[in-house]
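Peer 1: Listed here are the chains, written in short residue letters.
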Amino acid sequence: MAKRSDIHSVLIIGAGPIIIGQACEFDYSGTQACKALREEGYRVVLVNSNPATIMTDPEFADRTYIEPITPECVEKIILRELEEMRRIGANGKLVLLPTLGGQTALNTAMSLCRSGVLEKHGIEMIGANARAIERGEDRQVFKDLMLEIGLDVPISGTAHTVEEARQIAERIGKLPLIIRPAFTLGGTGGGIAYNREEFEEISKRGLELSPVSEILVEESLLGWKEFEMEVMRDRNDNCVIICSIENFDPMGVHTGDSITVAPIQTLTDKEFQLMRDASFAVIRAVGVETGGSNIQFAVNPDNGRMVIIEMNPRVSRSSALASKATGFPIAKIAAKLAVGYLLDEIRNDITRETPASFEPTIDYVVTKIPRFAFEKFPQADPTLNTQMKSVGEAMAIGRTFKESLQKALRSLEIGRYGLGGDGKPWRIGEKVIGDRDIFPRDLIIQKLSVPNAERIFYIRHALRAGFDIEQIFGLTKIDRWFLVQIKELVDFEECLAASRE
Amino acid sequence: MNAILALEDGSVFRGEGFGAKASACGEVCFNTSMTGYQEILTDPSYKGQIVTMTYPLIGNYGINSQDNESWRPHVSGFVIRELSPVVSNWRSEISLSAYLEQNGIPGIQGIDTRALTKKLRVRGALNGFITTEPISEADAVRRAQEWPGLVGVDYVKQVTHEKSFLWDESDEQSPEFKLVHGTSTADPRTHRGTLPPADIPIVAFDFGMKYNILRCLRQHGFKVRVLPASTTAAEALAHKPAGVFLSNGPGDPAALGYAVKAVAELVNTGIPIFGICLGHQILGQAFGGRTFKLKFGHRGGNQPVKDLESGRVEITSQNHGFAVDPSTLPSDVVVDRINLNDQTVEGMAHKTKPIFCVQYHPEASPGPHDSNPLFGRFRRMIEKH
Numbered sequence: 001m002a003k004r005s006d007i008h009s010v011l012i013i014g015a016g017p018i019i020i021g022q023a024c025e026f027d028y029s030g031t032q033a034c035k036a037l038r039e040e041g042y043r044v045v046l047v048n049s050n051p052a053t054i055m056t057d058p059e060f061a062d063r064t065y066i067e068p069i070t071p072e073c074v075e076k077i078i079l080r081e082l083e084e085m086r087r088i089g090a091n092g093k094l095v096l097l098p099t100l101g102g103q104t105a106l107n108t109a110m111s112l113c114r115s116g117v118l119e120k121h122g123i124e125m126i127g128a129n130a131r132a133i134e135r136g137e138d139r140q141v142f143k144d145l146m147l148e149i150g151l152d153v154p155i156s157g158t159a160h161t162v163e164e165a166r167q168i169a170e171r172i173g174k175l176p177l178i179i180r181p182a183f184t185l186g187g188t189g190g191g192i193a194y195n196r197e198e199f200e201e202i203s204k205r206g207l208e209l210s211p212v213s214e215i216l217v218e219e220s221l222l223g224w225k226e227f228e229m230e231v232m233r234d235r236n237d238n239c240v241i242i243c244s245i246e247n248f249d250p251m252g253v254h255t256g257d258s259i260t261v262a263p264i265q266t267l268t269d270k271e272f273q274l275m276r277d278a279s280f281a282v283i284r285a286v287g288v289e290t291g292g293s294n295i296q297f298a299v300n301p302d303n304g305r306m307v308i309i310e311m312n313p314r315v316s317r318s319s320a321l322a323s324k325a326t327g328f329p330i331a332k333i334a335a336k337l338a339v340g341y342l343l344d345e346i347r348n349d350i351t352r353e354t355p356a357s358f359e360p361t362i363d364y365v366v367t368k369i370p371r372f373a374f375e376k377f378p379q380a381d382p383t384l385n386t387q388m389k390s391v392g393e394a395m396a397i398g399r400t401f402k403e404s405l406q407k408a409l410r411s412l413e414i415g416r417y418g419l420g421g422d423g424k425p426w427r428i429g430e431k432v433i434g435d436r437d438i439f440p441r442d443l444i445i446q447k448l449s450v451p452n453a454e455r456i457f458y459i460r461h462a463l464r465a466g467f468d469i470e471q472i473f474g475l476t477k478i479d480r481w482f483l484v485q486i487k488e489l490v491d492f493e494e495c496l497a498a499s500r501e
Numbered sequence: 001m002n003a004i005l006a007l008e009d010g011s012v013f014r015g016e017g018f019g020a021k022a023s024a025c026g027e028v029c030f031n032t033s034m035t036g037y038q039e040i041l042t043d044p045s046y047k048g049q050i051v052t053m054t055y056p057l058i059g060n061y062g063i064n065s066q067d068n069e070s071w072r073p074h075v076s077g078f079v080i081r082e083l084s085p086v087v088s089n090w091r092s093e094i095s096l097s098a099y100l101e102q103n104g105i106p107g108i109q110g111i112d113t114r115a116l117t118k119k120l121r122v123r124g125a126l127n128g129f130i131t132t133e134p135i136s137e138a139d140a141v142r143r144a145q146e147w148p149g150l151v152g153v154d155y156v157k158q159v160t161h162e163k164s165f166l167w168d169e170s171d172e173q174s175p176e177f178k179l180v181h182g183t184s185t186a187d188p189r190t191h192r193g194t195l196p197p198a199d200i201p202i203v204a205f206d207f208g209m210k211y212n213i214l215r216c217l218r219q220h221g222f223k224v225r226v227l228p229a230s231t232t233a234a235e236a237l238a239h240k241p242a243g244v245f246l247s248n249g250p251g252d253p254a255a256l257g258y259a260v261k262a263v264a265e266l267v268n269t270g271i272p273i274f275g276i277c278l279g280h281q282i283l284g285q286a287f288g289g290r291t292f293k294l295k296f297g298h299r300g301g302n303q304p305v306k307d308l309e310s311g312r313v314e315i316t317s318q319n320h321g322f323a324v325d326p327s328t329l330p331s332d333v334v335v336d337r338i339n340l341n342d343q344t345v346e347g348m349a350h351k352t353k354p355i356f357c358v359q360y361h362p363e364a365s366p367g368p369h370d371s372n373p374l375f376g377r378f379r380r381m382i383e384k385h
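Residue numbers (my numbering), protein chains in the order written: chain X, 1 to 501; chain Y, 1 to 385.
Be careful, since some hints might not be right.
Calculated cross-link-like contacts (lysine to any residue; reagent style SDA-like; alpha-carbon spacing at most 25 Å) [as the list claims (entries may be wrong)]:
{"id": "1", "chain 1": "X", "residue 1": "K487", "chain 2": "Y", "residue 2": "A98"}
{"id": "2", "chain 1": "X", "residue 1": "K407", "chain 2": "Y", "residue 2": "G110"}
{"id": "3", "chain 1": "X", "residue 1": "K174", "chain 2": "Y", "residue 2": "K178"}
{"id": "4", "chain 1": "X", "residue 1": "K3", "chain 2": "X", "residue 2": "R284"}
{"id": "5", "chain 1": "X", "residue 1": "K143", "chain 2": "Y", "residue 2": "G193"}
{"id": "6", "chain 1": "Y", "residue 1": "K178", "chain 2": "X", "residue 2": "L147"}
{"id": "7", "chain 1": "Y", "residue 1": "K178", "chain 2": "X", "residue 2": "E310"}
{"id": "8", "chain 1": "Y", "residue 1": "K293", "chain 2": "Y", "residue 2": "A115"}
{"id": "9", "chain 1": "Y", "residue 1": "K178", "chain 2": "X", "residue 2": "D144"}
{"id": "10", "chain 1": "Y", "residue 1": "K295", "chain 2": "X", "residue 2": "P355"}
Where chain Y lies over chain X, by a calculated footprint (3+ residues, C-beta under 8 Å) [stated by the list, open to error]:
{"id": "11", "stretch": "167-178"}
{"id": "12", "stretch": "476-484"}
Over the 10 Å line for every Cβ pair with chain Y, so calculated as not near, a few chain X residues [claimed, not checked]:
{"id": "13", "residue": "H8"}
{"id": "14", "residue": "Q22"}
{"id": "15", "residue": "E84"}
{"id": "16", "residue": "K120"}
{"id": "17", "residue": "D363"}
{"id": "18", "residue": "F374"}
{"id": "19", "residue": "E375"}
{"id": "20", "residue": "K407"}
{"id": "21", "residue": "G429"}
{"id": "22", "residue": "R500"}
Quick caveat, the hints were computed from the structure, so don't treat them as lab data.
Idealized CB from N, CA, C, for every residue including glycine.
With the rest of the complex left out, here is chain X (with noise of 0.2 Å):
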């Protein structure tokens, strides 16, 4: 198998403008993306409303529109393009790549299908199919399907009573659980319930504020570990995973203000390898045919149950992490994946000599860091929780996991050097703390138990305040190896202290 012969434009559609969880991360794929297919001979077309990107740059696309990221906008291109395709005498159709642009693309993309313009202009989407987007998006169809292939979710339940939601209750067997009323303006009336008395308490609020009396009840997973895998995919179903990330910070913190560390370093193989099998039975299933998915995992600390939360049928965020800590292009690969090249056809860029079809193993560790900007935002809640709030991040590569947290964190360009131990003072809200000055207790147990930007500092604090690994593990829930791990950058900061005095 080769590229196709059948293809003679494509439509690239990019992210748009910059907001939180979509920035330039998708401007570094629609480029790689823009790249690798002109390079293949392809016409490439690209809209993006956002002239600040890399990708509207006159060299990447053969005709590139700056204009509104809409359906109707999109629509209008089409038809120019192909009034342009038949001008030229183009032998080949126009098809529409919307899996690099973020969900922006994605949303766009499935509108125009969804309203029947792609079909009556004949134009394929390449990459993903409508069908498949939609499995991976709708959250419920998602979970039927993963429980149809064999595949763990959270336990949960749909309730129209009060007795209904107790038998939910009663199944799913522990607390706290989470309580989500349907059709309900931003989830309104929804909560997690600690206890019986709150769980009552909020389901009856949440049947009654439902305009259809219904709730979800749902076991929570808060304090699970977290890991994510790339995968990738070509047409001859050859499946390969091109990184596996562990999130320092547990369930309960978006994937994109949590930091993360590429590769997995707590589970098994034997773990590893059903995590690995489980992220193709479900690329397979959902039926993503070419390029890549990220999807992501649960792990409970405790019994090693392991539950898919969700994947993004599409290049995405992690894709831009992954692409960096391996050095295995994603989005270029993606791009080539969906015109019809096989994974072994195409060369591995770094040996040059060996193929993409394999999966990279490193022998560094990587930490990304969210860059949060609170400081721009005073009236905004500092609190991070499932809505992302970072505005940016840093990525570092070490040879051992405090190396690169160390290097990380000096990317930030917050004014630190790394954890701590740089002669600077803390300034927390309007009071002053010295570097090596000890902090209060009663601070450093808030900031520790509510997830926030600085809590990775509080765990060096807390350290040097003498709380010990599992008095920390019971705040945060993150896992002993990364505590005992910043121990080590704290024991060492003080062995230099010491050895000064």
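Place chain Y on chain X using the hints.
Peer 2: Frame of chain X, contents of chain Y only:
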């Protein structure tokens, strides 16, 4: 505890010792797997080798009693960049260092394993000496240089079981590793998959066999009698097997004249045969071909192998320092799988007889499960025979 790793080329790496206070010679090789150090340590194929892991952080999840690939660790020594100061996994029972200490194996950490790996890639595998005892650098280098090496030495006889036995008659060790689901009340530590009836009797030549091969065979309905490596063809056939399995194992395949003779006789009988790794190399010789030493072996869990018939690519687990030379194979043997990195032979099949073999490890452990269907292929081959 100070430690030294000395190589025959005179280079010396100084680091911190862990595991046992001991010294050992061995061929220094590297493995690129990022997980699975426990399975690697206990794989009998590593007999005679000092193994270094290219992934720098090792020991993170400790050691448990379920992930062993044999009855003990077999490496001569273990070389890593950083030993985890803590063990973090729900199944862990003991730390890596304590495990090696119990088994008398020296380890060294804190050395530049990347520099060591680069050296091994340029020079090929080197003989070495590892010690956590007070020994001078000069003595260490001399010990590395005096060690006779792996080529031409029969390591199989050191790791094969001495007597024949039936594998896991009570079906306790064979069920597949599984994680608990949803509202299951099963004990996560003992929760396992179910087994089909064991209805096809086979014999398995044990050249240093990994337990997971036996588990996979059992999971596919084979009743397996394990035979010592020195078993003759007649002795094997006396068990009236429906098929013959040839296992992995350590060392130089050219030093195993007795096994090649037995397998050549079995090939002539037309009985179905499946070989893995060393078993594949022995079959290659039994077909009349020759093996050669690779400059640097394939050791890791990310080797791409192409099935030339289907065009599919499997990501495979590998551990071998020798390979079959395809130009020496007779015309009735076809090379049906190749390594996409260096084009070496990864699989062979006989054109007229029910015989096939692979150079890699479909039983994984550690490594990907992509090639597990090969056990099913063996079963179908026997059923059709």
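Peer 1: Evaluate each hint against the coordinates.
Peer 2: Hints, verified against the model:
1. Proposed proximity of K487(X) and A98(Y) is supported: the alpha carbons are some 22 Å apart, at most 25 Å.
2. Our distance criterion of 25 Å between C-alpha atoms is met by K407(X) and G110(Y), whose separation comes to about 20 Å.
3. Between K174(X) and K178(Y) the alpha-carbon distance is near 23 Å, which keeps this suggested pair within the 25 Å criterion.
4. Annotation: proposed proximity of K3(X) to R284(X) holds, straight-line Cα distance about 22 Å (limit 25 Å).
5. Using a Cα cut-off of 25 Å, the hinted pair K143(X) and G193(Y) holds, with the two alpha carbons roughly 23 Å apart.
6. Of the pairs offered as hints, the one joining K178(Y) and L147(X) holds, with about 16 Å between alpha carbons and a cut-off of 25 Å not exceeded.
7. For the hint pairing K178(Y) with E310(X), the CA-to-CA distance comes to about 21 Å; that is within 25 Å, so the pair holds.
8. Note on K293(Y) and A115(Y): the hinted pairing holds, with a Cα-Cα distance of about 23 Å set against a maximum of 25 Å.
9. Distance restraint check for K178(Y) and D144(X): the Cα-Cα separation of roughly 21 Å lies within the 25 Å cut-off, and the hinted pair is therefore satisfied.
10. Between K295(Y) and P355(X) the CA atoms are separated by roughly 20 Å; this keeps the pair inside 25 Å, and the hint holds.
11. Given as covered by chain Y, the stretch 167-178 of chain X passes the check, having 3 residues with a CB less than 8 Å from a CB of that chain where 3 are the minimum.
12. Evaluation of the coverage hint for the stretch 476-484 of chain X: fulfilled, as 4 residues show C-beta separations to chain Y shorter than 8 Å, against a requirement of three.
13. With a cut of 10 Å on Cβ distances, H8(X) stays outside the contact zone with chain Y, its closest approach being about 27 Å.
14. For Q22(X), the condition that its CB be more than 10 Å from all CB atoms of chain Y holds, with the nearest at approximately 30 Å.
15. With a closest Cβ-Cβ approach of about 37 Å to chain Y, E84(X) is found to remain outside the 10 Å limit, as its non-interface label requires.
16. No Cβ of chain Y approaches the Cβ of K120(X) within 10 Å, the least distance being about 36 Å, so the stated non-interface status holds.
17. The claim that D363(X) is not at the interface with chain Y is violated, since a C-beta of that chain comes within 10 Å of its own (minimum 4 Å).
18. With a cut of 10 Å on Cβ distances, F374(X) stays outside the contact zone with chain Y, its closest approach being about 31 Å.
19. Residue placement check: E375(X) keeps its beta carbon more than 10 Å from all beta carbons of chain Y (closest about 34 Å).
20. Non-interface status of K407(X) relative to chain Y is upheld: no Cβ of that chain comes within 10 Å, the nearest being about 15 Å off.
21. With a cut of 10 Å on Cβ distances, G429(X) stays outside the contact zone with chain Y, its closest approach being about 35 Å.
22. Against chain Y, the non-interface label of R500(X) holds: every CB pair exceeds 10 Å, the least being about 24 Å.
Checked against the numbered hints given earlier, the structure breaks only hint 17 and satisfies all the rest.
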